[in-house]
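Visitor: Quick note, the sequences are listed as chains A and B, same order.
At position 9 of the first sequence (counting the first as 1) the number is 9 in the working numbering, and the numbers step up by one without a gap.
To convert, take the position in the second sequence, counting from 1, and add 1000; that gives the working numbering.
Everything hinted at is true.
Here are the simulated lysine-lysine pairs, DSS-like style, with alpha carbons at most 30 angstroms apart: (1) K1149/B <-> K37/A; (2) K1195/B <-> K37/A; (3) K1037/B <-> K37/A; (4) K1154/B <-> K30/A; (5) K1149/B <-> K30/A; (6) K1154/B <-> K37/A; (7) K1239/B <-> K1265/B; (8) K1196/B <-> K37/A; (9) K1075/B <-> K37/A.
Just so you know, these hints were derived from the structure itself, not from any lab.
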Amino acid sequence: MVSRQSDHSQGSERSGEERPGRISRETRAKIEAEMVKFPVKRGALLNALHLVQSETGYISQETIEELAELFEIHPADLRGVVSFYNMFHEHPQGRHHAHVCTNLSCSLRGARALLRELEGHLGVRSGETTADQRITLAHEECLGACAYAPVMRVDETYHEDLDLERAKKLLDELE
Amino acid sequence: MLKVPYVTNYLTEHFADDSFATVAGYVARGGYAAARKAITQMSPDEIIGTLKGSGLQGRGGAGFNAGLKWSFMPKQTDLPKFLVCNADESEPGSFKDRILIERGPHQLIEGLLIGAWATGSEKTFIYIRGEYAYPAECMQAAIDEAYQKGYLGKDVMGTGFSHDVVVQRGAGAYICGEETGLLESLEGKRGQPRKKPPFPAQYGAFGMPSTVNNVETFSHVPHIIGKGADWFRQFGTEKSPGTTIFGVSGHVVRPGLFELPLGTKLEEIIFEHARGVPGGRKVKGVIPGGVSMPILPAGMLDVPMANEFLRERKTMLGTGGIVVMDETTCMVRVACVISYFFRDESCGQCTQCREGTGWMNKIVERIERGAGSEEDIEVLGDIAGKVEGATICAFADAASWPIQGLLRHFRSDFEQHVKLGKCPFPESFEL
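Bound conformation, chain A alone (with noise of 0.2 angstroms):
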């Protein structure tokens, strides 16, 4: 069968080379560590784009081109697919992350009413981050705790059943 895709060879190691950049030896092993584990290394395209978010908070274009030499792909088409995903980011975002949900089940029991109050409780608007980069505040589409609604996802973790006095108290605590 002929393949479709021609970015499928597989490129030297370059896992002991210490070069400048924004990605760490750490998240590189990693990001090597996921590589193998796919029939070819670009599988682990998306694995190491959250590793490196997280480590970095958000995808530059010196990452884009540093992670485009390493799965050997020309840094559009990596810039492309960091476009078309919602949980990568382009640009500095704040330290954390607070995502109210705003599909269907979760409107229906006033997550629109408590994005609003979020949005003057830290003086910013859905999409904004707070002046001192502690928050970014955004809506999300469903986030699939549906039953539990309203939802906030804080970074990695999901807040539900939540109302206004326990959602400022989550943001409030946030360093």
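Position chain B against the provided structure of chain A, taking the given hints into account.
Guide: Frame of chain A, contents of chain B only:
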């Protein structure tokens, strides 16, 4: 947070027990016996025959016969074959796969092992939505333990059969729940669905023959292989056997998960299991299977929840995610929420979908603002009818059906907005 189903059956009966998520706890409950039986006593054809005979329908939304899907995998090939487990649960209103992963990860792994033996697959990729960080952690922990104890890897349970399982996290794209969008994403690309044919059984993950099934579909398999197709058929209807995990959300007293036989009446689920609408209010409409599925009005709640009955009412079971809306609800606002979602999530590949989803959203938002016209309602129905079936994947259908359903049963809500020049439902949920 522990959210086990309020009503359990064979899939979820041990979910309240923490140890069920460990190898020892799972084996103590009879776990991995079906996989051992499959690998040591059954041929792949026998397994596929049993699964076909059980009538198990895929639980990811399309309801395709799972055994038939497995039978499409090529037998004579030198290429590596793969299984792909779709854990991208993103259909608004659906939240069942999450609990199956968190509370029953070995039940899923056992289903994968049986699927791998039946299809000759050397590896499974579990594609789990990026937001499910905790479920992904639970899944990985269970996989690691299964490797340590010899239930995955080389020579599974001393049978000579080998199988690997790899977890990949998605990154926030609903379209990656579509099986070929998922495959593209799995390969590290933008999750844009592929043209079919070729189907995944011919050209799947990394170009190799692959079978893609939902988490719940795989989780039923050990029960069917362990206890037989006839046992499975005691649950559900003749055409839709087995149980499923219904998720109920929205305006109900007891929202949550309920494992019930397919064919359970919608009114029983809403009024008995989810205990009806708070404040003694009446039901206005119910989405029966995730927001892609056309809404049903209050007069149709006697429908048995199985595709053969739902299709007669121009809707489908989808993922079994039931969203209940009470009498205060503005159905134009519902259309705004749903159409915004599809506009936001369209991958943009096909013109009809990319333009159609945005256009439908603009129209319903205009109607909700009170600036819509009679013609807008006509055009809305026209677009919804024309994007359906016109694209390379079912996303455009999923965007079209809810609008068609809302216009079919609640057209007067739209007309009142136009006539009054404002929303006539002041008590409705906030937009």
